[in-house]
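S.K.: Below are the chains, spelled out letter by letter.
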Amino acid sequence: MKHLLKLVKHSFLIFAFSLVFSHSAHAQKNVEGMVFVKGGKFHYVQQNRWREGLELNKYEEGPIGDAYVEDYWIDLKDFYIDKTEVTNKQFKKFIDASGYHPKDNQNFLKHWENGTYPKGEENYPVVYVDYWDAKAYTEWAGKELPAEEEWQYAAQGSDGRLFPWGDDWDSTKANVGTNGTKPVGSYPKGASPFGALDMTGNVAEMTASFHDDGMHWFSYLRGGSWFQSYHSLWYTENGLLTNNQRLKFWWLNPGFNRSPAIGFRCVKKLQ
Amino acid sequence: MKFIKQFFAGLIFAAALFPGSVDAQIQIKAEPNEVTPKVIYISNDSLSMTISTNDKLEVSSLKYLPANIEFIQPNNPMPLVSIDNSWSLNNVGFAIRNVKITREEGNVKILIHAYSNYLENPFHLYIELGFNNSSAITANIKVVNKFEDGFHDLYRNGDQTSIIPGIPWLAFLQPDPGGNRKIVYKKASGYVLENYSESIMRDYHPVVTWERPPKAHSVDLEFYDNPSFPTILEFSDKNICVMLQSKKSDLKWTAENIKQALWPSTSLQIGKRDTLTVFSGTFKIFSGDWHQAFNWFRNKIRSNFDFSYYNRPGFQKYKKDFLAYHSFVYNHRIYDPESNKYLIENFLKNAKKEYGGFDLFYFWHAYPRVGVDPRDQFALYEDLPGGIEGLKDFVSKAHQLNTHVYLAYNPWDIIGKREDMYKIQAEVLGKVEADGLFLDTMGKSDGRFRKAVDQSNPDAQFVTEGRPGFDGLEVTTTSWDHPITSLPMPRIDLLRFIIPEHRSFQIVRWDRDRTLLIKKAFFNATGYAVWDDVFGEINLQSSDEKILIHRYNTIMHDFSDAINSVDVVPLLPTKKDELFVNGFFGKDSKVYTLYQANHAQVSHFFDNRIISQLFEVDIPDNWHMVDVWNKRPVEIKVEADKKFAFLPQEMPEDLGCFVACPLILKVEKTETGWIATAPEMKDGTIELIGFDRALINEVTKSVNANSPLEFAKDNVKQTSEGYVMIQYRNERKEVKDVALVKVGY
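Chains as they are written, first to last, in this note's numbering: chain A, 1 to 271; chain B, 1 to 745.
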């Protein structure tokens, strides 16, 4: 009897252990298209190019222009982030499954024809979607838009690197300053410490940040995009952005908001 | 340290006293003769000038005869023209090679051509001095580099291209050093008036002076740093004013460093066979109030100014535009994201209550959004709510509420790689039927842009962010007056009084207190622009500012006839040092804006109250005067056949607006109250004005001028002193008479 109880106890322990182990393994293995980001204490330092509009953050004068800076520690929990930006194919799956159509469809999926993406562009990042279109997708997918801290941590890791791959700019590792988007994952050497791709360039990525100051709506975009404006300091830069830079984006009407240079990726929080 | 090297030449001069060949009022005499003169005397009734040529070309005397003022210090003759160059033999005299005297219709000209005895020195000097029967001297002074290939280039130091040109006698005029002289000069913060001092004369250049005793406050005057603009020098308390107007000079002339310009210490380049204009302009002496010099200059500018764009029939509807709003279209007071609609009607209706209404609306959509993707400012128009048609509807709604709409043009936005941005912008303007363009970052437009816009809308206005020079003003009919921060009062915008047809808008973006700027707009009767959403940075006008703007806006519109007059005078002479008055004189009314600089400092213990006789007015006997800002009557007192605006009590504020006009309204007491009529008027309206404690006008009753307006004492709003205000407004909505009736409490 004594031996039987011991056996039951050990079996139970082995069973419980395997449950825990298999759950983790199941969690890390089975979230398709996402990479795991191990949480922890993260020194979050970011700056946005102060073009116009005061912020509540610390203000720093720099050698080239001025910037508002956020600088604090945050304790991030584990999460998953899409390995790539959401693609045309993925978005079409969402449309077909949910029947989603925006109330105002001006410029919605402008690059599509006859209700679908151009042939050969299934793996290009979806563009011409605004914040509310992205939110609808994330709700269908059971995911969320990343908080800025999550996005930056996924791109940067914890060593403060300027780009996902390190501190030195390398045009062979990101789609910036070109003629348009490229299929996601075209720059495998540009992966972040956690294996996320195209965190720099391709499309500027919407985050969960959405602000209402009582008179305007605006968000912050991360990562920069393929489009680089030149020739005047008055342009809002959406091309080359480092991991810790963000772009202040004013929301107007849907047609204005949807852009060929803005897309998104999602995160999934662990329970 | 300045090294001065002067070139002098013997001046050969013809004797001037030939009967029949000499202008009776201008006399020229050369001694010993006109062939090899050593001294030349020029004189008329106003001035005399002595040019010495005894081994040096110098001005040894310049006198203003009516006041017996000598401008050149005794025994200290000044060089007429100096050219310093690196040629080592340049001190060996400039020989006068050719002198010519011409006489034509009362004008006498002396033309001098001089160059070095040494051919190695390639610089030739051409001087032309012109005299007439006034105190004006015109001067055209040029240097030509007559470099010859095959000659000058063979010498060791052959390539002569740099000189230091100067006009020393103009640079150092000092007829009356010291004395009770006041000068205005420019500091970093603006122009200030101070007592004369050596250090100011040395370090700055005085531009205009005030002939009255020293003030506790200085007067800030806005001037152009523009070669066309005069530099006015006043000397002593004898009210002598010297004006220097340059039409062209290669000397990098600015009002700030005119001494440096007239006699610089750094060299200028003249390329081979090129010409350098040392000075081309007029030097004139005035006696009396500085306004004489100012008016002379103003007339010269206006007589050479092309007013075509201001005379367009379509332009006339913009003459009553005083208050502007600079928008940020992302603001939810203008665009509602829930309904995806513009809210322009609500916005403008609220503005009517808060500010008295916006006459202009600058529509701003691109910056700081443009650059995120390939859409430039023109592509973004297409994606606005409703696209181009939506914007056209926006403009139409604004027009229905009497607001003109301007679109912003960003010249730096070239990502669209458009072949002709002017043409495209003009097309958008035409399609949406907007009233004009705001030219972002631009100080002026060019003719090509103007012509492109004329194709779409020949009545459209340009408004530039920067202030154009006089040439730019001809096609840019409005502009911003746009300091970094509000500057002190009193402050005069002289452009306002030279080209009054041009409307400037006072605007500042980051100040939290814009009171001084609003006061400046009122005092100068210019436009004002509200900018409370600076590209996302909220900077709302306070309640007090809104009240101030509302009151200013009301007066600008009610009295626009006089305010839009060409007959305007800055800084009328006043009998009180701390009182500043501008005059705007219409056909049938005169408006005087007042600013009292010491209002907050008036003390029981000092006699510095602004009361009693204030300033002289020139109005017919049957006119009267009302302070429409403070809603109080103003008395007219006569002394020695002159009329003066008179206040028995101080103004309650530092601002006032005295309106003089004929007595149109007649108010009579009745048993129950009062009755107001306009006996000789057939058109227009008689209005009973109510106001809240902020003194914002509100028409509480209005009748046709043919009918009497009756009111009872108990049913009317009074000022704190018990005055009730009635207005007569003509068919053009201009107020032509104001009656204040004391009803008591």
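It should be emphasised that the hints constitute simulated quantities derived from the structure, not laboratory data.
Note that the structure is a prediction, hence the values are computed from the model and not measured.
Ideal Cβ positions, reconstructed from N, Cα and C, are used throughout, including at glycine.
Hints may contain errors.
So the derived list for chain A, only partly shown, Cβ under 7 Å to chain B, looks like this [as the list claims (entries may be wrong)]:
| no. | residue |
| --- | --- |
| 1 | 96 |
| 2 | 99 |
| 3 | 100 |
| 4 | 101 |
| 5 | 108 |
| 6 | 111 |
| 7 | 215 |
| 8 | 234 |
| 9 | 236 |
| 10 | 242 |
| 11 | 255 |
S.K.: Determine for every hint whether it applies to the structure shown.
M.R.: Okay, the hints, checked on the actual structure:
1. 96: Cβ of residue 96 (chain A) sits 26 Å from chain B, so the hint is violated.
2. 99: 22 Å, violated
3. 100: 18 Å, violated
4. 101: 15 Å, violated
5. 108: 12 Å, violated
6. 111: Since chain B brings no Cβ nearer than about 12 Å to residue 111 (chain A), farther than 7 Å, the hint is violated.
7. 215: 5 Å, holds
8. 234: 5 Å, holds
9. 236: 4 Å, holds
10. 242: At 17 Å from the nearest chain B Cβ, residue 242 (chain A) fails the 7 Å test, so the hint is violated.
11. 255: Holds, about 4 Å.
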